[in-house]
Amino acid sequence: MLGGVGRPLATFLSGAVLLACQSEATKHCHAVMSTAQEIVKNVDSHDLGSVERSLASVEEAIAACDKAGRTSEVDALTRAKNELSGHLEFMKKKALTPKHPKISPEDLASFQAHGDPNCPKGQAYKPDGNPNAKEIRCTGSQIGDLSLDGAFQYFDRRGFKLTKTDSPPGLRAEYGAELYVFSYEAATDAHPKCLTLYPAPGIPFQEAVARVTGTPMKKIERSGTIPTDRGKVPIYVDESETKLVIYLGDCGKGPSPGGPSP
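The opening residue of the sequence shown carries number 313 in this note's numbering; numbering runs sequentially from there.
Just so you know, these hints were derived from the structure itself, not from any lab. Be careful, since some hints might not be right.
To be verified - Derived BS3-like pairs: lysine-lysine, alpha-carbon spacing no greater than 30 Å straight-line:
| no. | residue 1 | residue 2 |
| --- | --- | --- |
| 1 | LYS531 | LYS339 |
| 2 | LYS339 | LYS505 |
| 3 | LYS476 | LYS555 |
| 4 | LYS404 | LYS339 |
| 5 | LYS544 | LYS530 |
| 6 | LYS404 | LYS414 |
| 7 | LYS433 | LYS379 |
| 8 | LYS414 | LYS438 |
| 9 | LYS339 | LYS379 |
| 10 | LYS339 | LYS433 |
| 11 | LYS339 | LYS353 |
| 12 | LYS353 | LYS404 |
| 13 | LYS505 | LYS473 |
| 14 | LYS446 | LYS505 |
What the hints assert, rightly or not - Have a look at the derived ranges for each label pair, beta carbon to beta carbon:
| no. | residue 1 | residue 2 | range |
| --- | --- | --- | --- |
| 15 | GLY543 | GLY427 | 31 to 39 Å |
| 16 | SER479 | LEU400 | 16 to 24 Å |
| 17 | GLN465 | SER384 | 22 to 30 Å |
| 18 | LYS505 | LYS531 | 45 to 53 Å |
Ideal placement from N, C-alpha and C gives every residue a C-beta, glycine not left out.
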């Protein structure tokens, strides 16, 4: 899908000769555009983070070239931006669509009648390959209550980059700028001791917490405890203009083990 996204940039840069008489703004435009071309040329269309970085580089180049009044360059960059933006949106929607294993006729009848205990409560899906089938409700544990194996299976189906840790037992699940860090006292625990959330940009902390706990947003505060299916769970939100980190459970105040520096 992104195979030709770099060509509009190369069309201008391959023939551009940066003469001394050019303005500093034009020189900066071409320099930033050249950098964007290299990033876009090496984009991994299957890696959300790679696509996001490519889009950011193109948007930076658009701003520089627009300031320099370089209409043709802005047009070429905008075409690249539109293709990258479209692909990024496609990837995000795909990430939210779980892939379920083939269901036997017996299990299908049971799931449609009583719900599927293998996916978090509050969600629902239609059996793969059968869009006309009755929607199946999920009746399993919330994301914030998943065991280590349950969390691995859940995020693996959604294409997250997964890294298991041994001390403490845990799991990092990463997709672009979105990161979940599960920590357990023992690998066999039914739910994590601490879940640290680094939500995708633009997601309010209340919404991020509600997605993993099922707790109504009006009951979610920045600190204290929140009601969940397994009782009250401690919460601490570390938020500024440039970061949002949410700690659920016995995490302490500060970065969770294994998580990136806030």
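Right, here's what the structure says about each hint:
This hinted pair does not check out: LYS531 and LYS339 have alpha carbons roughly 53 Å apart, beyond 30 Å. With a C-alpha separation of about 53 Å, the suggested pairing of LYS339 with LYS505 is violated against the 30 Å cut-off. Restraint check for LYS476 and LYS555: the C-alpha separation of about 24 Å stays at or below 30 Å, so the hint holds. Among the hinted pairs, LYS404 with LYS339 is inconsistent with the structure: their alpha-carbon atoms are about 35 Å apart, more than 30 Å.
A C-alpha spacing of about 15 Å is found between LYS544 and LYS530, which places the hinted pair at or below 30 Å, so the restraint holds. Between LYS404 and LYS414 the alpha-carbon distance is near 23 Å, which keeps this suggested pair within the 30 Å criterion. Taking the CA atoms of LYS433 and LYS379, the gap is near 50 Å; set against the 30 Å cutoff, the hint is violated. Distance hint between LYS414 and LYS438 is fulfilled; the C-alpha atoms sit about 11 Å from each other, no more than 30 Å.
For the suggested pair LYS339 and LYS379, the alpha carbons sit about 11 Å apart, so the restraint of at most 30 Å is met. Taking the CA atoms of LYS339 and LYS433, the gap is near 55 Å; set against the 30 Å cutoff, the hint is violated. Between LYS339 and LYS353 the CA atoms are separated by roughly 21 Å; this keeps the pair inside 30 Å, and the hint holds. Restraint check for LYS353 and LYS404: satisfied, since their Cα atoms lie roughly 21 Å apart, inside the 30 Å limit.
Distance restraint check for LYS505 and LYS473: the Cα-Cα separation of roughly 21 Å lies within the 30 Å cut-off, and the hinted pair is therefore satisfied. For the proposed pair LYS446 and LYS505, the alpha carbon gap of about 36 Å is over 30 Å, so the pair is violated. Between GLY543 and GLY427 the beta carbon distance is about 22 Å. The supplied range of 31 to 39 Å is therefore violated. The hint said 16 to 24 Å for the Cβ distance between SER479 and LEU400, and at roughly 36 Å that hint is violated.
The given range of 22 to 30 Å is broken by GLN465 and SER384, whose C-beta atoms sit roughly 50 Å from each other. Between LYS505 and LYS531 the beta carbons are some 22 Å apart, a value that contradicts the proposed interval 45 to 53 Å.
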